[in-house]
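So the sequence lines, in the order shown, correspond to chains A and B. Everything in the first sequence is counted per my numbering, starting at 1166 for the first residue and increasing by one. Everything in the second sequence is counted per my numbering, starting at 1166 for the first residue and increasing by one.
Some clues are possibly wrong.
For identical chains, the list gives no copy identity; a pair is met inside one copy or between any two copies.
20 Å max Cα-Cα, derived SDA-like pairs, lysine to any residue [what the hints assert, rightly or not]:
1. 1475 / 1375
2. 1495 / 1194
3. 1177 / 1275
4. 1495 / 1404
5. 1335 / 1372
6. 1335 / 1430
FYI, nobody ran anything at the bench for these hints, they're computed from the structure.
There are 2 protein chains.
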Amino acid sequence: MAEVAALAGVTKMTVSRVLRHPEKVTPATRARVSEAIAAMGYVPNRLAGSLTAGVSGMVAAIVPTLRHSLFADTMEGLSDVLSEAGLDLIVSSSSYRTDVEESQIRSLLERRPDALVLTGLTHTPGARDLLRTFGVPVVETWETGDEPVDMVVGYSNREAAHAMTSQLLKAGYRNVVFVNGPSENNERARHRAEGYRTAMEDAGLGPLPVHVVRDEDAILPETGARALRAVRDQTPRADALFFTSDVFAVGAILACRDMGIAVPGDIGIAGFHDLEIGRVVSPTLTTVHVPALEMGRRAGEMIVGRLSAKPTAERQELGFTIIERQSTRKSA
Amino acid sequence: MAEVAALAGVTKMTVSRVLRHPEKVTPATRARVSEAIAAMGYVPNRLAGSLTAGVSGMVAAIVPTLRHSLFADTMEGLSDVLSEAGLDLIVSSSSYRTDVEESQIRSLLERRPDALVLTGLTHTPGARDLLRTFGVPVVETWETGDEPVDMVVGYSNREAAHAMTSQLLKAGYRNVVFVNGPSENNERARHRAEGYRTAMEDAGLGPLPVHVVRDEDAILPETGARALRAVRDQTPRADALFFTSDVFAVGAILACRDMGIAVPGDIGIAGFHDLEIGRVVSPTLTTVHVPALEMGRRAGEMIVGRLSAKPTAERQELGFTIIERQSTRKSA
DNA sequence: GCCTCCGATGTTATCGGTATCATAGCGGTG
DNA sequence: CACCGCTATGATACCGATAACATCGGAGGC
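Go ahead and model the full structure; you've got the sequences and the hints to work with.
Set out below in structure tokens:
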């Protein structure tokens, strides 16, 4: 910067002004400085800038994974909004582990992000402490709840699972089994299980044991196929399976096809997330659409709003949508 | 940091050493300092650290999009390797536009990333200049070619398309039409078209006109369905369609089902990328598997290798795999 | 017991910007 | 024509850390 200044015959301060507050510099000087910048191929150093300015222009986000286009969609939405506001996005994946999340939060805070976007509401106590004492704006996504760290944008996994279960019952299934992922560190899984149970109870039915896929099982169709076989073993009267992810549900549909089980006739199958695979499998998959991209966008808007001190809703519950497709049309 | 130092009864320098070179500090002092750090909830400021140290500990990546789990998988692989090495990842999406890419490169360079990961080999002249004069390590991904800016990890889109076209011909199809995306700013699309053409010529057949979906068309199954109808209109003798993406191919398969066209009997359909949708659609989709995750990993390893001055291959051509499934088993 | 050497810690300068206040130069006013 | 006030630019200090060199004290060798 000093060299640019020398070349333009001004001081660093004027160069700095040309870059940050061009209106405060005479058009003539501004032109000379711009020319010098271009001639030298000068690229300002924001590390230094952020250090004095006190804002870094970065937002950090932690997602469980970028695969399967769940959270990746959220990141795309977030990135879109942030980049319009001139903010950059740092992403890390926690592999669904809250202890990893905590250490990532710690490490990301060292970069002084202007805000943090987290997935879910479940964090280690250490992480919550850290966030609170640090006072950085935080947006939690993918769930809504009572005790957010700061801002939230999500939908109710409980209600979504409740609605889907009710839908299955309405379609004529009685013995609906919910197939869940591990829920210790994942309130989304836990809330879905609760939604399932209350829906069963609301219908005067006893909930059946929730089948939980093991932690080691990857998010793959085969895992769903295995779950299907296990459930038919353990709960032979099951006439519908509601999976916590379309990936599993689709695996189950394919397994049914192989095993000669009619879907939706013999057994109904529903998923969660509304991934593309559910639209193209046959029979097409009944599922819950979740606003993945939109949550990212909203999170971005909340952050931009907060940083510019514009009034913005800091707690947004977005809707989900039950999408009924062939896999649960019992009558069909 | 000064406060921590005061509390521990040492100077900032010692605190800094405890954090960066703990082995250079007496265990006793180290313990006292660590205690002070914990007591104050002190989180070091890497903006400042990077400023002096000259390395930022960040890697920036630009992908066309995070949707559809193509490049998101690459980012997941990259992020895995980088985080193990203590590097953070900044991501932006360019929406498949090289002009956007250039301005993102410029803006990202202001953060002084230790390396840059780009998608593809096509960049604006301005971008190439910038990268060269800046001298930051660069990894280009998703294609291999002769004039990389710096390092490359990819596979040959030309050969992949050639292999798939040959496969279709071997399966007994004759009039193979390639359905491509816009190729002006995308050498992957261009090379695939070339691979298709030479494969046709190698078989002694005249290539048929490549159908190009419009720029405005989103990457959605419907776009593939539309392309199918257009090709059947314009090239009625087409007996196989090779799509540049599984998303389009799957849309075409579904459209065929609706229109009563038998796949693979009346028409063969092949895709590209090996997405999950191709595995679950019926008939299952013949496609090219590309090493999306692995390219990310390798890119990460190259960067880590370069930064630690460890000898690492700086030019890696990974393989693709033709996956033959039902949609092109003409005899079946 | 004295000297040397080495390891632990401190001092100083600097990284590349920007906030803040100072100053100079200008036009407008009565 | 002297004075005022405003605007464009400069000088200085500082953001929070670290590299490089200086210093101090104790262990080991003779």
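Here's how the hints hold up against the structure:
1. Taking CA atoms no more than 20 Å apart as the test, residue 1475 paired with residue 1375 passes in neither setting, with 45 Å inside one copy and 50 Å between copies.
2. Proximity of residue 1495 and residue 1194 under a CA criterion of 20 Å is satisfied in neither setting, with 75 Å inside one chain copy and 72 Å between copies.
3. In the homo-oligomer, the alpha carbons of residue 1177 and residue 1275 lie at most 20 Å apart only across protomers (17 Å), although the nearest pairing inside one protomer, at 28 Å, exceeds that limit.
4. For the homomeric pair residue 1495 and residue 1404, the shortest alpha-carbon distance inside one copy (10 Å) is at most 20 Å, but the shortest distance between copies (37 Å) is not.
5. With identical chains, the CA atoms of residue 1335 and residue 1372 are at most 20 Å apart within one copy only, with a shortest distance of 16 Å there and 54 Å across copies.
6. Taking the shortest Cα distances, residue 1335 and residue 1430 sit within 20 Å of each other inside one copy (15 Å), while across copies they are farther apart (40 Å).
In summary, the structure is inconsistent with hints 1, 2 from the numbered list given earlier, while agreeing with the others.
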